[in-house]
Amino acid sequence: AQTVTQSQPEMSVQEAETVTLSCTYDTSENNYYLFWYKQPPSRQMILVIRQEAYKQQNATENRFSVNFQKAAKSFSLKISDSQLGDTAMYFCAFMKRQGAQKLVFGQGTRLTINP
Amino acid sequence: NAGVTQTPKFQVLKTGQSMTLQCAQDMNHNSMYWYRQDPGMGLRLIYYSASEGTTDKGEVPNGYNVSRLNKREFSLRLESAAPSQTSVYFCASSPGLAGTEAFFGQGTRLTVV
Numbered sequence: 001a002q003t004v005t006q007s008q009p010e011m012s013v014q015e016a017e018t019v020t021l022s023c024t025y026d027t028s029e030n031n032y033y034l035f036w037y038k039q040p041p042s043r044q045m046i047l048v049i050r051q052e053a054y055k056q057q058n059a060t061e062n063r064f065s066v067n068f069q070k071a072a073k074s075f076s077l078k079i080s081d082s083q084l085g086d087t088a089m090y091f092c093a094f095m096k097r098q099g100a101q102k103l104v105f106g107q108g109t110r111l112t113i114n115p
Numbered sequence: 001n002a003g004v005t006q007t008p009k010f011q012v013l014k015t016g017q018s019m020t021l022q023c024a025q026d027m028n029h030n031s032m033y034w035y036r037q038d039p040g041m042g043l044r045l046i047y048y049s050a051s052e053g054t055t056d057k058g059e060v061p062n063g064y065n066v067s068r069l070n071k072r073e074f075s076l077r078l079e080s081a082a083p084s085q086t087s088v089y090f091c092a093s094s095p096g097l098a099g100t101e102a103f104f105g106q107g108t109r110l111t112v113v
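Note that the protein sequences, when read in sequence, are chains Y and U. Residue numbers are given in my numbering: position 84 of the first sequence equals residue 84, and the series is strictly consecutive. Residue numbers are given in my numbering: position 111 of the second sequence equals residue 111, and the series is strictly consecutive.
Honestly, the hints are just simulated from the structure, not real lab data. Keep in mind the model is a prediction, meaning the values are calculated, not measured. All C-beta atoms in this analysis are idealised placements derived from N, C-alpha and C, irrespective of residue type, glycine included. Worth double-checking, as some hints may not be accurate.
Claimed, not checked - Sample of chain U residues lacking proximity to chain Y, with all beta carbon distances greater than 10 Å (derived):
1. T15
2. G16
3. A24
4. M27
5. L43
6. R44
7. L45
8. A50
9. G53
10. R77
11. Q85
12. A92
13. S94
14. T100
Stated by the list, open to error - Covered by chain U, according to a simulated footprint, are these stretches of chain Y (three or more residues, beta-carbon under 8 Å):
15. 8 to 20
16. 54 to 68
Unchecked claim - Cut-off 27 Å, straight-line C-alpha distance, at most; resulting in silico cross-link-like pairs (DSS-like, lysine-lysine):
17. Y:K70 to Y:K55
18. U:K57 to U:K9
19. U:K71 to Y:K96
20. U:K14 to U:K71
21. Y:K96 to U:K9
22. Y:K73 to Y:K55
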């Protein structure tokens, strides 16, 4: 079975700073996908970024980028030039490439951006 | 665009009562899921349906039943609610293809007293 661990329950930074959220996972699979989802106070789950394990290049989406270290089973999210609207819970998630397409989530990190 | 619609958004139940959470998607997705979200535990999979007519247990299925009524609808039933089922419940859907994005409903906050 796969497990996902987010070791930072809460983080807080000032607006415009850069922040990195950590995620590690455990799997015996070689091909899989990793995701970061954002959950603002509205409770809506929003996909932030996706990484395919067989691609070595780290994914980027505007101010969001990941540092994917396959050997270390690490998948961190970096938010540059943080904005007040980035305040949310962030969840790291894992999905196998083969078989049932189920997401396995980490515990979440509550990120607060302060003005 | 409606996406994934869950009803109700809030519910309070007494211990032992039963209820059904409804979920419908209008994206013609094959796969549908029910998750529960508890503080410090992230989202945990209760049941999922890879396609119409099939359902499978997830990580925490005890105390729940599901029905994939058709391709659009996937309901979650609590037959005899317990305080341990107090949680926020999310329905999600995806095309079912490898690595595709899952789309979530707005969630149902359920309190069992």
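Hint-by-hint comparison with the structure:
{"no.": "1", "hint": "T15", "verdict": "holds, 25 Å"}
{"no.": "2", "hint": "G16", "verdict": "holds, 27 Å"}
{"no.": "3", "hint": "A24", "verdict": "holds, 17 Å"}
{"no.": "4", "hint": "M27", "verdict": "holds, 14 Å"}
{"no.": "5", "hint": "L43", "verdict": "violated, 4 Å"}
{"no.": "6", "hint": "R44", "verdict": "violated, 7 Å"}
{"no.": "7", "hint": "L45", "verdict": "violated, 6 Å"}
{"no.": "8", "hint": "A50", "verdict": "violated, 6 Å"}
{"no.": "9", "hint": "G53", "verdict": "holds, 15 Å"}
{"no.": "10", "hint": "R77", "verdict": "holds, 20 Å"}
{"no.": "11", "hint": "Q85", "verdict": "holds, 18 Å"}
{"no.": "12", "hint": "A92", "verdict": "violated, 8 Å"}
{"no.": "13", "hint": "S94", "verdict": "violated, 6 Å"}
{"no.": "14", "hint": "T100", "verdict": "violated, 7 Å"}
{"no.": "15", "hint": "8 to 20", "verdict": "violated (count 1)"}
{"no.": "16", "hint": "54 to 68", "verdict": "violated (count 0)"}
{"no.": "17", "hint": "Y:K70 to Y:K55", "verdict": "holds, 10 Å"}
{"no.": "18", "hint": "U:K57 to U:K9", "verdict": "holds, 24 Å"}
{"no.": "19", "hint": "U:K71 to Y:K96", "verdict": "holds, 23 Å"}
{"no.": "20", "hint": "U:K14 to U:K71", "verdict": "violated, 32 Å"}
{"no.": "21", "hint": "Y:K96 to U:K9", "verdict": "violated, 31 Å"}
{"no.": "22", "hint": "Y:K73 to Y:K55", "verdict": "holds, 14 Å"}
Hint violations for this structure: numbers 5, 6, 7, 8, 12, 13, 14, 15, 16, 20, 21, all remaining hints satisfied.
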